[in-house]
Structure formats: structure tokens, C-alpha cells
Amino acid sequence: MLSDEALKKHLKKWFGFNDFRSGQKEVIQSILDGKDTLGVLPTGTGKTLIYQYVGKMVDGMVIVVSPLISLMQDQVDRMRYLGEKQTVAITSNLSWLDRKRVIKNLNNYKYVYVSPEMLSNSDILDAFKQHKISLFVVDEAHCINQWGPDFRPEYLNLKDIIISLNHPTTLMLTATASNDVVLDIKEKIGLPNVETIKYSTNRPNIALAVDTFTSNEDKNNQLLYLVNKLMKPGIIYFSSKKVANSVCEWLKEKTNLNVEVYHADLDADSRYRIQHQFISDQIDIICATSAFGMGIDKDNIRFVIHYHMPANLESYVQEMGRAGRDGKQSISVILYKEKDEILQYRFIDDTIPSEDMINFFYNHYQQLKNNELDEKANLINYYFQSGFTKNGVINIFEGRRNELVTSLNQMLGYVKTKGCKRAFLLRYFNENFSEHDENCCNGDGTQLQLEQMDLVQESKSLNSRSRNIKWQSIIQTLFSK
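Using UniProt numbering, count along the sequence shown one by one with no gaps and you end on 481.
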């Protein structure tokens, strides 16, 4: 076991930091001791550094399973910028020839990012089997629990993939996991003897607010008030791409702020451009779906607003936790219109295959062609190909529907509680909290004082759009003389 002094010496040498953030050192030491490890660390604690650090201490390759192409590419770009050139992401964005070249030359790479779907490809998995894998990382490990059963079933293949790679030391990282989710991750990944290192979910510098309305007009008026009042930059999360688009355009008309939209319908170049403009403070506000934010390295986000109520408390904590990573006062606001939860109940119905659909698939599978299957049919096909009986699949999805409804009801309980919001939230994550003050939340009807918390945008400061307009005016004046 390395001493604290030795660990810090390497940290300073490789990354320029004098000390570790919460949980980093403990997780690194656990991995270096050869233990499979689950790190549940608060958002903003630098989870990426953990496997980069370990990679410099071990001989073999580090595989990082990551959920989003944009997240993988951003991390690869960042690592290369910092001098780690032996880094690559194997994604669907690569051409067939480029992918073939990367696979052929895997020995040239130290860190390889890959999605669970790509890793389930037998050719790619066989290529990895030819190399020494020293560390297998599952980044955003809550996706195993949240996405595996009903959205991206390839996450459920990770158990067999780890075995086929001769069980390299495995690291799972997430910012949010209740005790039940921790147990579920361990079960689905097939690693019973996992060292769990869990730090508090609490982010005391983020004030928690829920504002309730009876009409969309009132909700939009409050949104307009907040985006004009609050310090920027900020993120507004939506559950609907259509609503994100319309609200983004509305805010552009109603304010002088530089507002952009971000969701999966944008092409890869647009998403990459918007993401990096936001990181470099060229954009005041992002109107986004949940696709935005994972792995975003930006510490000065002052507010996160949820226009729609999130589907569960895990997602809420992930998303609101993108505020205030610099430790300064920030705020999270949910704008709740009565019956907003109907949208989330509808999403559950749209996601989970019905019993009739499962019956139809099993009765007609010989006539169905894989390339003609929609998302739900592909999901059923995954379980069918894995040998599950029809009744077994019906039971799986009935149980999953109940889980999603329970999670949504817990989220609704947070929204509607008249007590301390933070205490409710931390209780869900099996933590205690008794330090409520005037900057904590508005759960008891207390009006949060934005001025007192230094969250109000100074009127004299110019946002990026007005700065651009001012400079354009100066240039036009100069050249008109």
C-alpha cells in the first residue's frame, strides 16, 4: 500500500494538484490493492481523475465503458489536450476503416472509451481479449440500474464481458446511488465482493427550491423572472425536446441572453459546438434534455432549473449537481405545474413493452426481421435471444414498470413535501440531515433570498449577446466614418 505522501506526490507530478478531492484517494487506493470498487462520489469531485491516475500506475490497458458518444469524445479531447495521447474512443462516429485501424492497433492505446453496445460486438470484444486489461471502468454506473432493464439492455451484458476478459479489476463510478441501487448494480455486474466507497450526496452550496403553478403562463413568467434575475451561466432541463426548442426560441425573443438548445436530435457537430461554447462562457443558458451534462467540466454554473419534473430522485441529483462545482452559492429550481407528472407516467407507458406486445412477439418471432424491429421490439428480442420465456419477460417488465412508478412517486413526494427538501432528499439516499437554515430550501414556505445569497446578476454586467452587439456597433461606426 502506497503512503498518503507517495500518492500525493504522484498527484502533483501528473495532474498538478496538491491534494485529492473527497473520495478520490480512497477509491484509488482500493483499486491499487486489487479490489473491485464502487465509488459513489458527489458530482464535481473529479471521478475521471481516478482511473487516469490508476492507469499511470499499472501496465495494461484501461477500458472505460461510457454511456454517451459526446461524453467519450469530450474526455478523449481533454486527455489528449493534457498530454495523454494514448487515448481513443471506439464509437459509431468512426468510419468502418477508422474503427478497423483502431482495433488493429489497440496496443498503441492506454485508455480506450467504448459504449456497452460497442463492447457487445464480438469482433471488438475479441480484439480486447488479445491484450492485458488492467482496469475495467464503468463510468456513470447508475446507468446499469436506470437504463439496463428497459432502455439499453447491453448494460446487462457487462457481467459476462468482465468474465470473458478474465475479470480485470473493475471500477464503477457514479454520483448517485441509494443503498438499493448499490445492491442492484453489484448484482447486475456480477461482482459480490465489491468494496463500496460512498460519500454524502449533499451539496450544501446548492439551495433547493420548488415553485408550484396552476398554469403554463404562470410557470413561464416565473422562468422569465428567474433567467433575468439569476447569475449566469445556467441550465434549464426539459423532458420534451419539442418544449425545449420552443422555450429556447421564446427566451431568445424575450431576453438579450445568449440561449441555445441541446438534445439528441441535433447533429454531432452542433452538439459538440454548443457544448464547448457553453464551457467557454460564450452561452448564458442551455435549454437541454438529460443528454446534456454528463462529464461536462464546468465549475461555475450558477443555476439549474427543471422546467419539467424529473422522473426520479437519482436523475434530479445528477442534473442539479452540475451547479456550483466551484463551491460557490448556487440554486436548483423545479418549476412544477399541477399534474406535470402525467408526462412522466406517459413516458413509462411509452418505454415499457405491454403484455400484448410481448405475446405478439413470441407468437410471431419467426416472421419478424431484426432490421424492422422498433425500440420496444428490440428490447423484447434481447430477452428472447437470451433465453427468457414469454412469462418471464412479462414478469420482468411488469416489475420494471412498478419500479419506475415507485421512483416517480418518490420524486413527486419531494416536490410536494412541506418540510425540508434537503432532509427529504438525503433521507432517500440513506443519510441524515438536521442543519436546515434560510439558504437551504423553500420546502417550509420560506422565500429564498436571492440577493442575500449573491445569486443576482449585476445589471451593469453585459451578457455575451449584448457584448457582441456592442462590438458590432463599434466596428460599424468605425468603418462608416
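To be clear, the hints were calculated from the coordinates, so they are not data collected in a lab.
Possibly wrong hints are sitting among the right ones.
[Unchecked claim] Below, a list of computed lysine-lysine pairs in the BS3-like style, where the Cα atoms sit at most 30 Å apart: (1) K339 with K252; (2) K159 with K25; (3) K13 with K100; (4) K85 with K12; (5) K198 with K110; (6) K188 with K35; (7) K219 with K186; (8) K100 with K110; (9) K418 with K219; (10) K12 with K56; (11) K416 with K390; (12) K188 with K25; (13) K132 with K229; (14) K13 with K25; (15) K390 with K339; (16) K376 with K339; (17) K132 with K252; (18) K56 with K219; (19) K8 with K110; (20) K13 with K219; (21) K328 with K188; (22) K35 with K129; (23) K219 with K188; (24) K229 with K188; (25) K241 with K416; (26) K416 with K337; (27) K198 with K100; (28) K8 with K188; (29) K328 with K8; (30) K337 with K390; (31) K100 with K8.
Now the hints, each set against the structure:
no. : hint           : result
1   : K339 with K252 : holds (27 Å)
2   : K159 with K25  : holds (26 Å)
3   : K13 with K100  : violated (35 Å)
4   : K85 with K12   : holds (20 Å)
5   : K198 with K110 : holds (28 Å)
6   : K188 with K35  : holds (18 Å)
7   : K219 with K186 : violated (41 Å)
8   : K100 with K110 : holds (17 Å)
9   : K418 with K219 : holds (20 Å)
10  : K12 with K56   : holds (13 Å)
11  : K416 with K390 : violated (39 Å)
12  : K188 with K25  : holds (26 Å)
13  : K132 with K229 : violated (54 Å)
14  : K13 with K25   : holds (15 Å)
15  : K390 with K339 : violated (35 Å)
16  : K376 with K339 : holds (27 Å)
17  : K132 with K252 : violated (52 Å)
18  : K56 with K219  : violated (50 Å)
19  : K8 with K110   : holds (22 Å)
20  : K13 with K219  : violated (50 Å)
21  : K328 with K188 : violated (37 Å)
22  : K35 with K129  : holds (21 Å)
23  : K219 with K188 : violated (40 Å)
24  : K229 with K188 : violated (45 Å)
25  : K241 with K416 : holds (25 Å)
26  : K416 with K337 : holds (11 Å)
27  : K198 with K100 : violated (39 Å)
28  : K8 with K188   : violated (34 Å)
29  : K328 with K8   : holds (26 Å)
30  : K337 with K390 : violated (40 Å)
31  : K100 with K8   : violated (39 Å)
The structure shown violates the earlier hints numbered 3, 7, 11, 13, 15, 17, 18, 20, 21, 23, 24, 27, 28, 30, 31.
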